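Undergrad: For the record, the sequence lines run as chains A and B.
89 is the number that my numbering gives to position 89 of the first sequence; each next residue is one higher, with no gaps.
If you count the second sequence from 1, you need to add 111 to reach my numbering.
It is possible that part of the hints are untrue.
One-sided and incomplete, this derived list gives chain B residues near chain A with beta-carbon spacing under 7 Å [as the list claims (entries may be wrong)]:
{"no.": "1", "residue": "P153"}
{"no.": "2", "residue": "M157"}
{"no.": "3", "residue": "C179"}
{"no.": "4", "residue": "H188"}
{"no.": "5", "residue": "T212"}
{"no.": "6", "residue": "Q213"}
Worth flagging that the hints you see were computed from the coordinates, not collected in a lab.
Here the structure is a predicted model, which is why all the values come from computation and not from measurement.
Yeah, the Cβ is synthetic: ideal placement off N, Cα and C, and Gly gets one too.
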Amino acid sequence: RKEVEQDPGPFNVPEGATVAFNCTYSNSASQSFFWYRQDCRKEPKLLMSVYSSGNEDGRFTAQLNRASQYISLLIRDSKLSDSATYLCAVPTTGTASKLTFGTGTRLQVTL
Amino acid sequence: DTEVTQTPKHLVMGMTNKKSLKCEQHMGHRAMYWYKQKAKKPPELMFVYSYEKLSINESVPSRFSPECPNSSLLNLHLHALQPEDSALYLCASSQAGSQETQYFGPGTRLLVL
């Protein structure tokens, strides 16, 4: 099993739709999880951090399922501006942070 | 303010050149990172500095040489690169600790001819 796995997509959804992505991870000792958004030719920007069961910020909700070792990202009322690649990242345990990224899920929101 | 700055934004170099990438943060973070990202791939970790000491080197070729002059600055010295080293080089920083959020700079887009 890869350390972090994501469905690469693309997910093509109309404006206003609700879309969800999953990310599975292999390290059961991981305590924190991150969703980053990356626009074409730009740097990853932090979207949400998840430290317990989940987190919500406006239209975005992240949920953690430790038993099944996955985190999900739900986007409600999709906007054209949500079109981007969404990267899931999981740090290893230890004294220094090694962040392992999934391959990213490409979202395209259309009119 | 979660800002990490990187210079230059773009760099073109020949295989015999020596150049340096620079990264700076003023968030008081004590961990800094270099990542390499190729098109349509996720970022790949290259180096981690924790409290200005190199703590992780992901078996990166010696033509890449990192340096951390102080807690705010991180350099990546480049020498005798190959065309396949062309990529986006991202710097990130975080509070020290294994589960802390990392914040990325805008990156340097490198082209090796």
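Undergrad: Determine which of the earlier numbered hints do not hold for this structure and return their numbers in increasing order.
TA: 2, 3, 4
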